[in-house]
Each structure stands twice: as C-alpha cells, then as structure tokens.
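> Sequence:
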Amino acid sequence: MSRQVSVTLPTHLADELEQRVASGAYTDHSEVISDGLRELFAREEAVDAWLRNDVASAYDELRADPSLALNASQVRAHIAAHHSRRTSEA
Numbered sequence: 001m002s003r004q005v006s007v008t009l010p011t012h013l014a015d016e017l018e019q020r021v022a023s024g025a026y027t028d029h030s031e032v033i034s035d036g037l038r039e040l041f042a043r044e045e046a047v048d049a050w051l052r053n054d055v056a057s058a059y060d061e062l063r064a065d066p067s068l069a070l071n072a073s074q075v076r077a078h079i080a081a082h083h084s085r086r087t088s089e090a
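Using our numbering, you'd call the opening residue of the sequence shown number 1 and step up by one each time.
Hints listed in this document are in silico derivations from the structure and should not be mistaken for laboratory results.
No incorrect hints appear here.
Quick list of the computed label-pair ranges, beta carbon to beta carbon:
hint: 1; residue 1: Ile79; residue 2: Ala49; range: 20 to 30 Å
hint: 2; residue 1: Ala46; residue 2: Arg85; range: 18 to 28 Å
hint: 3; residue 1: Asp15; residue 2: Ser73; range: 44 to 54 Å
hint: 4; residue 1: Leu9; residue 2: Ser73; range: 39 to 49 Å
hint: 5; residue 1: Met1; residue 2: Asp60; range: 37 to 47 Å
hint: 6; residue 1: Arg3; residue 2: Ala64; range: 43 to 53 Å
hint: 7; residue 1: Ala14; residue 2: Leu62; range: 43 to 53 Å
hint: 8; residue 1: Val47; residue 2: Glu16; range: 17 to 27 Å
A quick note: this is a predicted structure, and the numbers were derived from the prediction, not measured.
Note that the Cβ used here is the ideal one computed from N, Cα and C, for glycine as well.
Given these sequences and hints, build the entire structure.
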C-alpha cells in the first residue's frame, strides 16, 4: 500500500535525487526517498537500541559506583592516546 505525499527539497538535495534516478541506481524518485527513509529509520532504531542497552547500563553502573568515572584529565589522556594510535596506524 502506498500514499502520495508532496515534499519540497533544497536545490542540492533535489539535484542529488535527480542524479540517483538518472544514473539508473533507482527507478524513480519515490524509490530514492523510500530507501533513504528506511536507512534513516534503521539508524534511529540502532541509536535508540544503543542508548537503551549500552548507555543506560553504563549510566546505572556509574551511579552505583562513581569511582568508575574518569576525570577531565583522564579523558584528555585517553583521547590523546587513541588519537596517537590512530595516526600511527595511518
């Protein structure tokens, strides 16, 4: 089942939409929009699941034992070490 809706897009997005159809990657505008919305909804669901499962449990763990938290200098050191590892791998 489908329902027709009308949307107004910024010029650059309308141009991208046209290019996707012209390239043959999609058969029509509706297919491009539908695919994009499915991807958006899947990404939103993944973020919601991450928040419910990982973030909520980490929050609960920190509330139960605040000594597990990092202070600002520990966070900076962790980020610097991560950055150093990433740049040395490149």
